[in-house]
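For the protein sequence lines, the chains are B and V, in the order given.
Our numbering applies: residue 1 is where the first sequence begins, and numbers increase by one.
Our numbering applies: residue 1 is where the second sequence begins, and numbers increase by one.
I should point out that these hints are in silico values taken from the structure, not numbers from a laboratory.
Glycine included, every Cβ here is placed at the ideal spot set by N, Cα and C.
The reader is advised that the hints may include incorrect statements.
As the list claims (entries may be wrong) - Per the computed footprint, the stretches of chain V lying under chain B, defined by three or more beta-carbons under 8 Å from a beta-carbon of chain B, are: (1) 5 to 12; (2) 23 to 30; (3) 42 to 53.
These are the residues of each chain, in order.
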Amino acid sequence: MDTKQQQPSKQTPFRFFATRTGIITAGALIGLIACFLALAGNPVNMGICVACFIRDIAGSLGLHRAAPVQYLRPEIPAFVLGSFLAALTFGEFKARGGSSPVIRFVLGAFAMIGALVFLGCPWRAILRLAGGDLNAIAGIAGLAAGIGIGVLFLKNGYSLGRSHAFKKPVGLAAPVIMAGLLVAAIAKPAFLFTSTQGPGSMRAALLISIGAGLVIGWVAQRSRYCTMGAFRDLFLMRDWHLMSGVMAFFAVVLVFNIFRGAFTGAFAAQSIAHSQHLWNVLGMVLAGLAFALGGGCPGRQVFLSGEGDSDAFIFFAGMLTGAALAHNFGLTSTSDALKEGILTVGGPATNGMIAVGIGLVICLIIGFSMRERWK
Amino acid sequence: MKHIDTRGLSCPEPAVKARRAASELSTGDHLEILVDTGAARDNVLRTVNSLGFEAEATEYEGGFRLIVTKK
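Chain V extracted, bound-state conformation:
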C-alpha cells in the first residue's frame, strides 16, 4: 500500500498531493493518506471521489486516516 503523510500541511496541499498520488494507482491498489484536520479530510475525500476512486476515512491519532482504492 502506498502512503502519504500530509499532516500539518495547509489546504490545498493535502488534496494536491492526494490527487497526484492517486493518479499513479493501478487497479486494485490502495493508498493511505494521513491528514490532521476535518477540512483536509473533506477536501481530500472530495478530490479523490471526483476522480472516481473509492475512499474511506477513519479517525486516527487525533486526525484521520484515509484509504483510497482504485477499483
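Just chain B, same shape as in the assembly:
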C-alpha cells in the first residue's frame, strides 16, 4: 500500500464519448459517414465494411488473385491512424501485447472466413438490414448466436490471459505499417492490384475515404464503439450502452435509405449478398463466436491496433490471412444474380461449408481449452 500512497492521485476528467449521449452520437455519426461513403462511390450497403475492406486490401497486395475484390481501401489505414491520433492526444497510447497472440491470429482468420461466407462484417450486416436486404436478419441472428456462445465461455472463465506492457516500437508497428499502406494508396505503385470491375472497382474518392476513415477512427477510439461488444455486454451484463450506439447507427442509415427511396425490403438478388439463409446464419455464428473469443469485432480490433494493442493487430493479421485463404481456396460465397429475369441463388461452395464447420469446431476447442481453471 506504500507505493499506492506515493502515487499522485489525479481525478479523470469528464468524457463525453463515455456517456450514453456520446455513444449514440458516435453510432449516428459513423452511420452517417457510411451513407456518405456509399453515395460517394463505395458499393451499395457497403459504405463501410471492415471485413470486406481488409479482404480488398489483401487482394491489392496480391495475397489473393480474385480480380473483382482488389483495392487498397484507404479507410482501413485511416481508421488505425485516426485511432492512433486520438489515443496520443488523450494519453491512451500504450504499447502492449502478449495475450495469446497465436490464438488471436487463428480467431482472426476464422472470423474473416465466417464473414466472407455471409458477405459482410457486423457493420455491414447492420448496413444491409438498414438498406432493406432482409438476408441480413439471418446474418444478425447468427452473429447474436455466435456471440451468445462466446458469452457462455466468458461466464465459465474463458480468458486469453493478461497482456503486458512493451516498448513503444511494438505498439507503433500498426500505425507505421498503416501509414505505409496509406502512402501506397496515394502513390498507387504499379505492383498493387486494382479491380477494374466488381466491388473493388467501386470506391469513393481517395481524399474522401481518408478523411472519413480518420474521423471514424478518432470517434471510435474515444467511444470504444464495437458491434460485437454491444451484443456481448447486453447478454453478459444487460448493459445497453454499446447497443444504443449500434441502434443509432442502424436508425440513421435506415432513415437515410428510406428518404432516398433506396430501401429494398427483399431477400433475392440484393447487392453483394446471397439468400441461402442457413449459410448466412452459420457464417455469422462462426464470425460472432470468433469475435467474442477475440475480444472485439473487426472494427474494434483495428481501432485497438491504433492505440498500441499489438494483440489486436495480430487479430488483424489473422483476418488479412483469412481473407487471402478464403479467396485462394474458394471458401467465400458468391452473390445472388438476376439475369434476364432468372434468379441464380449464390452462397458458399462446398469448400466454404467445410471451412465453416472446421472453424466452429476449432473455436469451440479454443473456448473450452482457454478457461482459467484449465491452467
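Fit chain V to the supplied structure of chain B, relying on the hints for placement.
The following block gives chain V in isolation, referenced to the frame of chain B:
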C-alpha cells in the same frame, strides 16, 4: 478494503470481475480495482454504477485505480 487487479485483461473481463467482486460487498465496504486502459476504466465504472455503487477513478501507475463503495 477488497482488492482486484485486472490490469492486462481484455474487455469484458475487468467489468465481469468487478461486477462479481462488487456484488459481494456489504454496506460501507470499499473495493479497489486496478485497470490499465481507458476502455477498461469506462466499462468498469459503467458496470458498477449500473449496480448502484459509487465509484471514483484516479490515475495510478500508468493506468487507473477505481474505488467502489457500497453506500
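Results for each hint:
Chain B is given as covering the stretch 5 to 12 of chain V, and this holds because 6 residues of the stretch bring a CB closer than 8 Å to a CB of that chain, at least three being needed. Proximity of the stretch 23 to 30 of chain V to chain B, defined as three or more residues with a beta carbon under 8 Å from a beta carbon of that chain, is not established by the 0 residues found. For the stretch 42 to 53 of chain V, the proposed coverage by chain B is satisfied: 6 residues have a C-beta within less than 8 Å of a C-beta in that chain, meeting the threshold of three.
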